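Residue numbers (the numbering used here), protein chains in the order written: chain Z, 1 to 112; chain A, 1001 to 1116.
Just so you know, these hints were derived from the structure itself, not from any lab. This structure is a prediction, so every number in the text was calculated from the model and none was measured. Every residue gets a Cβ at the ideal spot worked out from N, C-alpha and C, and that includes glycine. You may find that some hints are simply not true.
Said to hold, decoys possible - Quick look at which bits of chain Z chain A covers, simulated, 3 or more residues with Cβ under 8 Å:
no., stretch
1, 69–78
2, 99–112
What the hints assert, rightly or not - Distance ranges between label pairs, derived from CB positions:
no., chain 1, residue 1, chain 2, residue 2, range
3, A, GLN1041, Z, GLN94, 22 to 32 Å
4, A, GLY1085, Z, LYS42, 38 to 48 Å
5, A, LYS1071, Z, ASN22, 38 to 48 Å
6, A, ARG1081, Z, ARG61, 22 to 32 Å
7, Z, LYS68, A, SER1005, 17 to 27 Å
8, Z, ASN22, A, GLY1003, 23 to 33 Å
9, Z, LYS68, A, THR1038, 27 to 37 Å
10, Z, LYS68, A, ARG1112, 22 to 32 Å
11, A, THR1020, Z, GLY29, 17 to 27 Å
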Amino acid sequence: EDQVTQSPEALRLQEGESSSLNCSYTVSGLRGLFWYRQDPGKGPEFLFTLYSAGEEKEKERLKATLTKKESFLHITAPKPEDSATYLCAVQAIQTSGSRLTFGEGTQLTVNP
Amino acid sequence: DTGVSQNPRHKITKRGQNVTFRCDPISEHNRLYWYRQTLGQGPEFLTYFQNEAQLEKSRLLSDRFSAERPKGSFSTLEIQRTEQGDSAMYLCASSLRLAGSYNEQFFGPGTRLTVL
Chain Z
1 EDQVTQSPEA LRLQEGESSS LNCSYTVSGL RGLFWYRQDP GKGPEFLFTL YSAGEEKEKE
61 RLKATLTKKE SFLHITAPKP EDSATYLCAV QAIQTSGSRL TFGEGTQLTV NP
Chain A
1001 DTGVSQNPRH KITKRGQNVT FRCDPISEHN RLYWYRQTLG QGPEFLTYFQ NEAQLEKSRL
1061 LSDRFSAERP KGSFSTLEIQ RTEQGDSAMY LCASSLRLAG SYNEQFFGPG TRLTVL
């Protein structure tokens, strides 16, 4: 069974204080790993897709990386508007329909 | 707005009542997914459609739940005889499935269900 574990559960940063969020996964064959951002009371917003170990993608202050067992979401010089829950999800090759298996998320708070 | 839309955004009902939610996917997307999310958890897969065909259902989807996607456009999710444990955010997502590729799923704003 596919499993995704995210850590930490919650992270509080000062504005400008860089850090990383972790996503560890177990999947029989990885088709893709996805990062989403979710604001309270809203649906997840797509950020990145990573397909193979060694791949990196960047968007503004966010950078996602992938190894064979985990992914990191690096946040450089965060701002208060980066406060949200960040969700990691995997898509398995063997899974028909390409459904996503999500972790529980990391709740990020950036204080001014 | 060309994103995924869901209605209603909030629904409060009494235990035992039936409820129906609607999802309108991004117009050119052929796949539509339903997920359920409870507080502090990530979304959990319920079911998905490719065009009008419902191709997979999670074991989370009890026989009180039914989903349809007539004509391969919008979809409805109905919950019969609601229970307090059904209280959750119900999320719809859509994607474009092309031969040999798998595209990202884009989510709607969700329908928040509260069962009293």
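Within the assertion that chain A covers the stretch 69–78 of chain Z, do at least three residues meet a Cβ-to-Cβ distance smaller than 8 Å?
violated (count 0)
A:GLY1085 and Z:LYS42, beta-carbon distance inside 38 to 48 Å?
violated, 23 Å
Cβ separation of A:LYS1071 and Z:ASN22, checked against the hinted range 38 to 48 Å
holds, 43 Å
22 to 32 Å as the expected CB spacing between Z:ARG61 and A:ARG1081, which holds or is violated:
violated, 47 Å
Given a hint of 22 to 32 Å, does the C-beta separation of Z:LYS68 and A:ARG1112 actually sit inside it?
violated, 38 Å
Given the range 22 to 32 Å, decide if the beta-carbon distance of A:GLN1041 to Z:GLN94 lies inside it.
holds, 24 Å
Holds or violated: 17 to 27 Å for the Cβ distance of A:THR1020 and Z:GLY29?
violated, 37 Å
Coverage claim, chain A over the stretch 99–112 of chain Z, checked by counting residues with Cβ within 8 Å (three needed)
Coverage by chain A holds here, the residue count being 7 at a Cβ distance below 8 Å.
Does the Cβ distance between Z:ASN22 and A:GLY1003 fall inside 23 to 33 Å?
Hint holds: Cβ distance 29 Å, inside 23 to 33 Å.
Quick check: does the Cβ-Cβ distance between Z:LYS68 and A:THR1038 fall within 27 to 37 Å?
holds, 31 Å
Is it true that the C-beta distance of Z:LYS68 to A:SER1005 lies inside 17 to 27 Å, as the hint says?
This hint is violated: roughly 38 Å between Cβ atoms.
Of the numbered hints listed earlier, those contradicted by the structure are 1, 4, 6, 7, 10, 11.
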